[in-house]
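Asks: The lines below spell out each chain.
Number of protein chains: 2
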Amino acid sequence: MVDPPPLTALIGKDTASIGELLAARVARTPDSPFIRCAGRCWTYAEAWDAARRFAGFLQAHGLAGQRITAFLPKSPEALFSWFGASLSGGVWVALNRAHRGAVLKDLLDRARARLLVTDRDGWQIIGPLLPPEMTQVLFTDEVPDDLAPSVRALHWASVLNAAPAEPVACAPGSVATLLYTSGTTGRSKGVLLPHTMYVRGAGWLVDSYGFRVGDVFHDWMPLSHIGGQLHVTMTAIVAGACLAQVPAFSRRSFWDEVRGNGATAFFGFSSILALLLEAPAGPDDRNHALRVGLIGSMPAEVLTAFERRFGVRLLDTYGMTECEPLTLPVPGTPPGSCGWPSPDFKVAVLDQEDRPLPAGAAGRICMRPRRPFVMMLGYEADPEATVEAWRNLWFHTADRGRFDAEGFLHFIDRMKYAIRRGGENISTSEVERVFLSHPELAACAAVGVPDTVMGEEVKLIAVPRPGSDVHPVDLHAYALTHMAAFMVPRYIELTGALPYTDVGKLKREELTGTGGRVWDARAATGPK
Amino acid sequence: MVDPPPLTALIGKDTASIGELLAARVARTPDSPFIRCAGRCWTYAEAWDAARRFAGFLQAHGLAGQRITAFLPKSPEALFSWFGASLSGGVWVALNRAHRGAVLKDLLDRARARLLVTDRDGWQIIGPLLPPEMTQVLFTDEVPDDLAPSVRALHWASVLNAAPAEPVACAPGSVATLLYTSGTTGRSKGVLLPHTMYVRGAGWLVDSYGFRVGDVFHDWMPLSHIGGQLHVTMTAIVAGACLAQVPAFSRRSFWDEVRGNGATAFFGFSSILALLLEAPAGPDDRNHALRVGLIGSMPAEVLTAFERRFGVRLLDTYGMTECEPLTLPVPGTPPGSCGWPSPDFKVAVLDQEDRPLPAGAAGRICMRPRRPFVMMLGYEADPEATVEAWRNLWFHTADRGRFDAEGFLHFIDRMKYAIRRGGENISTSEVERVFLSHPELAACAAVGVPDTVMGEEVKLIAVPRPGSDVHPVDLHAYALTHMAAFMVPRYIELTGALPYTDVGKLKREELTGTGGRVWDARAATGPK
Numbered sequence: 156m157v158d159p160p161p162l163t164a165l166i167g168k169d170t171a172s173i174g175e176l177l178a179a180r181v182a183r184t185p186d187s188p189f190i191r192c193a194g195r196c197w198t199y200a201e202a203w204d205a206a207r208r209f210a211g212f213l214q215a216h217g218l219a220g221q222r223i224t225a226f227l228p229k230s231p232e233a234l235f236s237w238f239g240a241s242l243s244g245g246v247w248v249a250l251n252r253a254h255r256g257a258v259l260k261d262l263l264d265r266a267r268a269r270l271l272v273t274d275r276d277g278w279q280i281i282g283p284l285l286p287p288e289m290t291q292v293l294f295t296d297e298v299p300d301d302l303a304p305s306v307r308a309l310h311w312a313s314v315l316n317a318a319p320a321e322p323v324a325c326a327p328g329s330v331a332t333l334l335y336t337s338g339t340t341g342r343s344k345g346v347l348l349p350h351t352m353y354v355r356g357a358g359w360l361v362d363s364y365g366f367r368v369g370d371v372f373h374d375w376m377p378l379s380h381i382g383g384q385l386h387v388t389m390t391a392i393v394a395g396a397c398l399a400q401v402p403a404f405s406r407r408s409f410w411d412e413v414r415g416n417g418a419t420a421f422f423g424f425s426s427i428l429a430l431l432l433e434a435p436a437g438p439d440d441r442n443h444a445l446r447v448g449l450i451g452s453m454p455a456e457v458l459t460a461f462e463r464r465f466g467v468r469l470l471d472t473y474g475m476t477e478c479e480p481l482t483l484p485v486p487g488t489p490p491g492s493c494g495w496p497s498p499d500f501k502v503a504v505l506d507q508e509d510r511p512l513p514a515g516a517a518g519r520i521c522m523r524p525r526r527p528f529v530m531m532l533g534y535e536a537d538p539e540a541t542v543e544a545w546r547n548l549w550f551h552t553a554d555r556g557r558f559d560a561e562g563f564l565h566f567i568d569r570m571k572y573a574i575r576r577g578g579e580n581i582s583t584s585e586v587e588r589v590f591l592s593h594p595e596l597a598a599c600a601a602v603g604v605p606d607t608v609m610g611e612e613v614k615l616i617a618v619p620r621p622g623s624d625v626h627p628v629d630l631h632a633y634a635l636t637h638m639a640a641f642m643v644p645r646y647i648e649l650t651g652a653l654p655y656t657d658v659g660k661l662k663r664e665e666l667t668g669t670g671g672r673v674w675d676a677r678a679a680t681g682p683k
Numbered sequence: 156m157v158d159p160p161p162l163t164a165l166i167g168k169d170t171a172s173i174g175e176l177l178a179a180r181v182a183r184t185p186d187s188p189f190i191r192c193a194g195r196c197w198t199y200a201e202a203w204d205a206a207r208r209f210a211g212f213l214q215a216h217g218l219a220g221q222r223i224t225a226f227l228p229k230s231p232e233a234l235f236s237w238f239g240a241s242l243s244g245g246v247w248v249a250l251n252r253a254h255r256g257a258v259l260k261d262l263l264d265r266a267r268a269r270l271l272v273t274d275r276d277g278w279q280i281i282g283p284l285l286p287p288e289m290t291q292v293l294f295t296d297e298v299p300d301d302l303a304p305s306v307r308a309l310h311w312a313s314v315l316n317a318a319p320a321e322p323v324a325c326a327p328g329s330v331a332t333l334l335y336t337s338g339t340t341g342r343s344k345g346v347l348l349p350h351t352m353y354v355r356g357a358g359w360l361v362d363s364y365g366f367r368v369g370d371v372f373h374d375w376m377p378l379s380h381i382g383g384q385l386h387v388t389m390t391a392i393v394a395g396a397c398l399a400q401v402p403a404f405s406r407r408s409f410w411d412e413v414r415g416n417g418a419t420a421f422f423g424f425s426s427i428l429a430l431l432l433e434a435p436a437g438p439d440d441r442n443h444a445l446r447v448g449l450i451g452s453m454p455a456e457v458l459t460a461f462e463r464r465f466g467v468r469l470l471d472t473y474g475m476t477e478c479e480p481l482t483l484p485v486p487g488t489p490p491g492s493c494g495w496p497s498p499d500f501k502v503a504v505l506d507q508e509d510r511p512l513p514a515g516a517a518g519r520i521c522m523r524p525r526r527p528f529v530m531m532l533g534y535e536a537d538p539e540a541t542v543e544a545w546r547n548l549w550f551h552t553a554d555r556g557r558f559d560a561e562g563f564l565h566f567i568d569r570m571k572y573a574i575r576r577g578g579e580n581i582s583t584s585e586v587e588r589v590f591l592s593h594p595e596l597a598a599c600a601a602v603g604v605p606d607t608v609m610g611e612e613v614k615l616i617a618v619p620r621p622g623s624d625v626h627p628v629d630l631h632a633y634a635l636t637h638m639a640a641f642m643v644p645r646y647i648e649l650t651g652a653l654p655y656t657d658v659g660k661l662k663r664e665e666l667t668g669t670g671g672r673v674w675d676a677r678a679a680t681g682p683k
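Which chain is which? The protein sequence lines are A and B, in order. Take the first sequence: its letters are residues 156 to 683, numbered as in our numbering. Take the second sequence: its letters are residues 156 to 683, numbered as in our numbering.
Chain A with its partners taken away, still in its complex shape (with noise of 0.2 Å):
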């Protein structure tokens, strides 16, 4: 068995909890700085401590070793509430702060919560719909005057006066958090995650992407997604490294803020790259310390756009929330892989029945765990999903891939994406790919929509690059000279800007509409 070397030489065994890592990081650098937010900055020792007094406010209050929810925007109020549910053996659950309503009121209810924290703000949303159970309410900033008899209201002061408590043992295999998928079709699943995953996750990333003490990361990523939990604050932890954190991905403020705070490294995913590369380019592009991005899954020809443009190495990692990082980028990825599996996870191929596919053949991308607890321990109240994911004791992703001839994967698209046109199995992003290569679009995307007689067809959605007049017979005529007949959209839609999630992931099912200014080949053409 291999160990992420950073980790092991920093914890000195193979795992830990989050409370061990941290407190092995804070042993070794207490004074460097940890978290830096609006002018404010926390070293390492000063956050531990933080931590610390949480665990101690939970033990006051009868909560240690329960669950914590937390509303929160990205703060370091809302790490100190992970590090001190952790510290108290206790599991955190972060709500995704964009959500309202009905769909809020679920994830809230299946937390199964009796403390929830969050600050004035959040409580305008979340505050009607608090189930009975949840008791108690910590409030980060301010405490509203306007609360009903049977909440308790805490305020912050009370974790600051707090006596800090003593780390609790738990288990490396042990639930540290329950984490909600996105959810962007049906109900999110809520993951449990144990803290082996967070951890050795986070070490092979260090071990991967070099990342270091003085390594400052901009630090967008909501703490409702496993980027922001892992590959960033983990990850930052185990290399010893700053976060600057920033409320959300701001593409007109990016390069500010990357320049204002010194920041090293980023993640992000496909799309942020393909915003950003829509601004024009200035003599600013490489006016930055930004060394490298930590990015989830691209296109060979995004990836080498940006590169060439800011001056920034991007490695491409692959995962998801129940399993985290699956591959790590080695030296010699080819452009458009996300690398190899890491050391702690078998990953395969398989056919539609769970048959590997031999190098070359795209299948569903599965895996297999090489050690305990480095991934998902389960969907919580949900063991029919489980046991479907688990089927034949792989873990099916829900995502499509393949391996080359060296060994490196690649992905190719949500299974669920792939448009099936007339028996013939077509990759949205293979599509997408030819389409990012003409040079009058700025960003696209391409889906199916339902057709009585092909089952679907293909639609694309084009955003052209600023001052051009691109008609959709142009982009239909590139087609049929640029892809296979069976893969050019009968459909394609031009627009401003695609629609996007609160994490920047394309939102695929606002697309899907073929009325309106929507063009038509069938019928500029006349059918065949």
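If you are wondering where the hints come from, they were derived from the structure by calculation, not from laboratory data. Treat the hints with care, since some could be wrong.
Stated by the list, open to error - Derived EDC-like pairs: lysine to aspartate or glutamate, alpha-carbon spacing no greater than 20 Å straight-line:
| no. | chain 1 | residue 1 | chain 2 | residue 2 |
| --- | --- | --- | --- | --- |
| 1 | B | Lys260 | B | Asp276 |
| 2 | A | Lys571 | A | Asp509 |
| 3 | B | Lys168 | A | Asp506 |
| 4 | B | Lys501 | A | Asp509 |
| 5 | A | Lys660 | A | Glu433 |
| 6 | A | Lys571 | A | Glu665 |
| 7 | A | Lys229 | A | Asp296 |
| 8 | A | Lys501 | B | Glu611 |
| 9 | B | Lys571 | B | Asp506 |
| 10 | B | Lys501 | B | Glu561 |
| 11 | A | Lys662 | A | Asp506 |
| 12 | A | Lys571 | A | Glu664 |
| 13 | B | Lys168 | A | Glu508 |
| 14 | A | Lys168 | B | Asp509 |
| 15 | B | Lys571 | B | Glu595 |
| 16 | B | Lys660 | B | Glu585 |
| 17 | A | Lys501 | A | Glu543 |
| 18 | B | Lys260 | B | Asp537 |
| 19 | A | Lys571 | A | Glu561 |
| 20 | A | Lys260 | A | Asp657 |
| 21 | A | Lys168 | B | Asp506 |
| 22 | A | Lys168 | B | Glu508 |
| 23 | B | Lys571 | B | Asp509 |
| 24 | B | Lys168 | A | Asp606 |
Here the structure of chain A is known, so what remains is to put chain B in place on it, guided by the hints.
Replies: Just chain B now, with coordinates in the frame of chain A:
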């Protein structure tokens, strides 16, 4: 990937449905005897015809592809109902004929079948338990005349007179049977088993044991047990062998039946061998054609004694309802080992945190399938139990074992039967093995009994050889010189016979009393 040679030679591919397997066998040896029972005989062609008529009967009654419950004695009709259900694409549920009352009703309800196949005797037991949705009952003998009007009684003649159906294509990964675990402790689990497990599992057994056309199985195993279904029936089909059915195992008539049927092979457990060894040796001990015993785990002492006395080669295989066979005998397997892992499985011995243990160390036997659908699909209506058994994507058996340096697996005992005495884990099988070497004991069992001070104390239940007047004091003294002090039983009970299940497995739960005739070393010698 490796495939079982006799199977692929027969079916021309690496797996098949049960129906396809049977068809391939019938095409090869249509006129070989397949089933002998109570003076009647069916060739493979005749059994194929009967199975196709059963499938035709199901079609005619709107039951094709459905679940069929059988509550039958060992019989050709039971087999035809299984094969017929399979040929129609349905699922066969065999209920243990030994069950009664509430347990039987529970299993019957959970089977969720609309058709019950039974006989007059069975109807007396199961008739009063019929759930309302089970409206059709097929009788293999006479139809009782006291049926409620809500029950539609069908006679076996309607099977014999049905037009033979064409077999329905059926994916090798689809459900073939619902099979209940023995449930000696707690409620039986309903195990959903795919066709592939039966077909490939039997292929490996034929490959390892060398079964062939002309072999005759002494077939006493209930068809409600995986041994009866897979190790005997399916194995016979792959080999082209004959099943000589007898109603049940009988220590008294075993050898007469074996001689009468010209049996060359049998399936059994260690306890069966021990029962046969209890009989006094005689001149007829080697007057039979038995060539090989297919044994599910046996101590070296029993193996050696049986082989030496009866001249039958015994080969060990290990598995459980959820996955069979996990190990296979290979040349050089040492006595007391159950062989090497089947090529279809990766087998590991893991510690409590699912970390692999080195050769020599005892831990839980766990496995992962190397190919799809060679094990259960899950526990029906119990996904929680499935997820628990599949933690870290290993299937966790209930058994303790160890690998030796040559890679042979040694079964030690059931995890739950290990006795935990004052911090020491005591293997019941190791205690039993020592006492089995005592010249005056015919059989014995070690169990843990609750103790307020030690957690558990060791109790031995021993069956003296006929004519022996051995006293517990003698056995205690023997133990003191033959085993570690912490293993020496405090309680010893002498008895005439041990309690066994219908397939000859020891009922340990019935042996844990310490009152009445039980000798207590503490009372006899005073506290130390």
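Asks: Confirm or reject each hint.
Replies: Status of each hint after checking the structure:
| no. | hint | result |
| --- | --- | --- |
| 1 | B:Lys260 <-> B:Asp276 | holds (16 Å) |
| 2 | A:Lys571 <-> A:Asp509 | holds (17 Å) |
| 3 | B:Lys168 <-> A:Asp506 | holds (17 Å) |
| 4 | B:Lys501 <-> A:Asp509 | holds (16 Å) |
| 5 | A:Lys660 <-> A:Glu433 | holds (16 Å) |
| 6 | A:Lys571 <-> A:Glu665 | holds (15 Å) |
| 7 | A:Lys229 <-> A:Asp296 | holds (14 Å) |
| 8 | A:Lys501 <-> B:Glu611 | violated (41 Å) |
| 9 | B:Lys571 <-> B:Asp506 | holds (15 Å) |
| 10 | B:Lys501 <-> B:Glu561 | holds (16 Å) |
| 11 | A:Lys662 <-> A:Asp506 | violated (27 Å) |
| 12 | A:Lys571 <-> A:Glu664 | holds (11 Å) |
| 13 | B:Lys168 <-> A:Glu508 | holds (15 Å) |
| 14 | A:Lys168 <-> B:Asp509 | holds (17 Å) |
| 15 | B:Lys571 <-> B:Glu595 | violated (29 Å) |
| 16 | B:Lys660 <-> B:Glu585 | holds (17 Å) |
| 17 | A:Lys501 <-> A:Glu543 | holds (19 Å) |
| 18 | B:Lys260 <-> B:Asp537 | holds (18 Å) |
| 19 | A:Lys571 <-> A:Glu561 | violated (27 Å) |
| 20 | A:Lys260 <-> A:Asp657 | holds (19 Å) |
| 21 | A:Lys168 <-> B:Asp506 | holds (17 Å) |
| 22 | A:Lys168 <-> B:Glu508 | holds (15 Å) |
| 23 | B:Lys571 <-> B:Asp509 | holds (17 Å) |
| 24 | B:Lys168 <-> A:Asp606 | violated (38 Å) |
Hint violations for this structure: numbers 8, 11, 15, 19, 24, all remaining hints satisfied.
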